[in-house]
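A.B. asks: The task is simple: from the sequences and hints, build the whole structure.
Going by the numbering used here, the sequence shown opens with residue 3, and the numbers climb by one from there.
Hints are computed from structural coordinates only; laboratory data are not their basis.
Worth double-checking, as some hints may not be accurate.
To be verified - As a list, the in silico DSSO-like pairs of lysine-lysine whose alpha-carbon atoms are at most 27 Å apart:
hint, residue 1, residue 2
1, K343, K253
2, K158, K14
3, K253, K184
4, K158, K179
5, K303, K253
6, K74, K181
7, K158, K181
8, K184, K445
9, K253, K14
10, K158, K60
11, K14, K60
12, K303, K365
13, K365, K343
14, K158, K74
15, K184, K60
16, K14, K181
17, K60, K74
18, K158, K184
19, K179, K303
Unchecked claim - With beta-carbon atoms standing in for the labels, derived distance ranges:
hint, residue 1, residue 2, range
20, I68, Q166, 17 to 23 Å
21, E344, R248, 15 to 21 Å
22, N306, G376, 46 to 52 Å
Note that the Cβ used here is the ideal one computed from N, Cα and C, for glycine as well.
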Amino acid sequence: MVQGTGITCFIKIVGDRLRVDAPDQYTPNIVSIGPYHRNPHLGREEKIGILDRIVEEKAVQRSHPIYPSDLKSEWLSRLSNYLEGAMDYYGYDPEIPNSFTMSREDFLNMLLEDGCYILHKFVAARANSQEDQQDLSLVHDVIYLAENQIPFFILKNIYEIIGQTDSLVGFFCSYIKEKVLKPRGYAIGDRCSELPNPSHLLHLLHILLIGDQLATDTRSETVIQVNARDVPNPMAGEKSISHFRRWRRAKQYDAAGVDFTGVDLISIIESSGHGALPERSILDVRPIRRCRIGLEFPSLKADNETFCMLRNLIALEQGNPITLSHHVTAYCMLMSQLACKEEDVELLIQRCAVDHLMANDAKCADSFADLCNGVTFDLDDPSLNYLRDECVQLDRRYRSRPSKWTAWMLREYCRNPCVAVGSVLALIVIAFGLLQAVYTVLKITGKVK
Numbered sequence: 003m004v005q006g007t008g009i010t011c012f013i014k015i016v017g018d019r020l021r022v023d024a025p026d027q028y029t030p031n032i033v034s035i036g037p038y039h040r041n042p043h044l045g046r047e048e049k050i051g052i053l054d055r056i057v058e059e060k061a062v063q064r065s066h067p068i069y070p071s072d073l074k075s076e077w078l079s080r081l082s083n084y085l086e087g088a089m090d091y092y093g094y095d096p097e098i099p100n101s102f103t104m105s106r107e108d109f110l111n112m113l114l115e116d117g118c119y120i121l122h123k124f125v126a127a128r129a130n131s132q133e134d135q136q137d138l139s140l141v142h143d144v145i146y147l148a149e150n151q152i153p154f155f156i157l158k159n160i161y162e163i164i165g166q167t168d169s170l171v172g173f174f175c176s177y178i179k180e181k182v183l184k185p186r187g188y189a190i191g192d193r194c195s196e197l198p199n200p201s202h203l204l205h206l207l208h209i210l211l212i213g214d215q216l217a218t219d220t221r222s223e224t225v226i227q228v229n230a231r232d233v234p235n236p237m238a239g240e241k242s243i244s245h246f247r248r249w250r251r252a253k254q255y256d257a258a259g260v261d262f263t264g265v266d267l268i269s270i271i272e273s274s275g276h277g278a279l280p281e282r283s284i285l286d287v288r289p290i291r292r293c294r295i296g297l298e299f300p301s302l303k304a305d306n307e308t309f310c311m312l313r314n315l316i317a318l319e320q321g322n323p324i325t326l327s328h329h330v331t332a333y334c335m336l337m338s339q340l341a342c343k344e345e346d347v348e349l350l351i352q353r354c355a356v357d358h359l360m361a362n363d364a365k366c367a368d369s370f371a372d373l374c375n376g377v378t379f380d381l382d383d384p385s386l387n388y389l390r391d392e393c394v395q396l397d398r399r400y401r402s403r404p405s406k407w408t409a410w411m412l413r414e415y416c417r418n419p420c421v422a423v424g425s426v427l428a429l430i431v432i433a434f435g436l437l438q439a440v441y442t443v444l445k446i447t448g449k450v451k
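C.D. replies: And the structure:
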């Protein structure tokens with residue numbers, strides 16, 4: 003929370019460095035929410051119509067007759083008490099001239115129109131079982147886009163002004179979990195033990211994607227030391243790596259004997275029936291310590307919507323570096339460097355770590371490669387990079403010549419079972435031949451009888 007404002011997550015314009023490669027990923031297609039993309043062609047007439055219908059319905063329900071226009075004025079008057087607090091989310095500073103370009107009246111009307119639109123499209127539609135594909139497509143514009151937001155406390159106050167009393171944050175937590183995270187395999191299980199206090203809907207998505215388990219994952223120095231001892235250090239006796247600066251490509255890790263496996267969260271949902279689900283999300287990448295060192299990934303279903311969501315979550319973290327964790331940025335840095343070539347994507351698909359709906363593997367690789375362009379992030383800072391320990395261990399394996407040689411031997415001679423059995427038998431024959439030769443020499447020299 004930023005001191006002096008009480009705001010955890012501001013609503014900012016995405017910087018040019020981030021948006022230059024994919025400007026359309028930050029721009030609404032159907033409806034504009036908030037001041038940054040106001041456009042009469044992006045749902046303005048529909049928003050006005052929805053507000054008018056809500057006002058008329060509530061005016062009729064009043065115990066004392068009231069004109070809809072008077073009721074709307076009453077709502078605007080009550081909402082005006084929160085005007086400056088809402089403007090703070092967009093960087094309003096009364097000491098800086100022109101820090102806010104909209105007039106107060108226009109801004110207030112915009113908040114009421116946009117708030118009623120969101121409540122009608124999501125809350126009322128679900129209550130009346132009227133959700134359809136058009137409403138679900140609004141998730142892209144209303145929830146995913148960092149620039150297309152209004153403060154959640156404004157939504158909450160509008161909800162109360164129109165006479166609703168149940169928990170709005172509880173509704174949107176349920177909506178995002180059931181309609182966004184679970185169906186697309188982004189996250190499963192209970193995401194938060196308590197109702198969160200989001201700044202806006204994208205911030206709520208960020209909270210639910212990270213969840214309690216990952217947010218409170220504080221790895222002590224003792225745990226790190228134990229893990230380091232558990233994994234043989236192939237660099238022993240050589241100059242140690244003091245800093246880690248990047249991930250390697252999946253094929254490069256594979257050549258060094260690093261294993262990648264995938265876990266399909268959607269399959270876990272289907273197999274569990276109505277039972278409790280484990281808490282896990284795509285960010286929950288775990289080290290595996292079997293015969294080979296490696297990483298276990300919740301399988302990422304990559305398409306344009308997935309990349310749009312990830313880009314906007316990165317922009318959210320980049321725009322609020324002090325108050326938000328950087329879990330999404332750290333995860334995307336991993337994926338953008340791990341899957342930046344067509345052959346890398348092909349390998350990760352084989353290992354069930356990634357699946358996609360792009361035109362081809364090359365297109366998917368290009369999307370991964372461009373995902374973190376313009377991002378400012380220190381991979382070697384453990385307070386930012388929750389995967390730093392895994393980075394270091396995999397980099398040790400990648401730099402180890404014995405590991406690469408062993409991986410090559412296993413790949414060349416042990417992949418085919420027949421070749422593997424033949425190789426073992428050949429080694430046994432060679433060993434017996436050497437023993438026989440040694441015994442013969444010793445017998446000739448008289449050292450054995």
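A.B. asks: Now, for every hint given, state plainly whether the structure supports it.
C.D. replies: Cross-check of the supplied hints:
For a cut-off of 27 Å, the pair hint linking K343 to K253 stands: about 9 Å separates their Cα positions. Of the pairs offered as hints, the one joining K158 and K14 holds, with about 21 Å between alpha carbons and a cut-off of 27 Å not exceeded. Of the pairs offered as hints, the one joining K253 and K184 is violated, with about 30 Å between alpha carbons and a cut-off of 27 Å exceeded. For the proposed pair K158 and K179, the alpha carbon gap of about 19 Å is at most 27 Å, so the pair holds.
Between K303 and K253, the direct Cα distance comes to roughly 20 Å. Compliance with the 27 Å bound is thereby established for this hinted pair. About 32 Å separates the Cα atoms of K74 and K181, which puts this hinted pair outside 27 Å; it is violated. Straight-line distance between C-alpha atoms of K158 and K181 comes to about 21 Å, which keeps the hinted pair within the 27 Å bound. Of the supplied pair hints, the one linking K184 and K445 is violated, its CA atoms being roughly 74 Å apart against a limit of 27 Å.
A hinted pair counts as satisfied when its Cα atoms are at most 27 Å apart, and K253 with K14 does not qualify at roughly 38 Å. Between K158 and K60 the CA atoms are separated by roughly 17 Å; this keeps the pair inside 27 Å, and the hint holds. Restraint check for K14 and K60: not satisfied, since their Cα atoms lie roughly 34 Å apart, outside the 27 Å limit. Under the criterion of a C-alpha separation no larger than 27 Å, the hint pairing K303 with K365 is consistent with the structure, at around 14 Å.
With a C-alpha separation of about 9 Å, the suggested pairing of K365 with K343 holds against the 27 Å cut-off. Only pairs whose Cα atoms come within 27 Å are accepted, and K158 paired with K74 is accepted, the gap being roughly 17 Å. For the hint pairing K184 with K60, the CA-to-CA distance comes to about 35 Å; that exceeds 27 Å, so the pair is violated. At roughly 26 Å between alpha-carbon atoms, K14 and K181 fall within 27 Å of each other, so this suggested pair holds.
Among the hinted pairs, K60 with K74 is consistent with the structure: their alpha-carbon atoms are about 10 Å apart, no more than 27 Å. With a C-alpha separation of about 25 Å, the suggested pair K158 and K184 falls inside the 27 Å cut-off, and the hint holds. A hinted pair counts as satisfied when its Cα atoms are at most 27 Å apart, and K179 with K303 qualifies at roughly 16 Å. About 19 Å separates the C-beta atoms of I68 and Q166, a value consistent with the hinted range of 17 to 23 Å.
For the hinted restraint 15 to 21 Å between E344 and R248, the CB-CB distance of approximately 20 Å keeps it satisfied. A hinted range of 46 to 52 Å for the beta carbons of N306 and G376 is inconsistent with their spacing of about 19 Å.
Consistency note: the structure conflicts with the earlier hints numbered 3, 6, 8, 9, 11, 15, 22.
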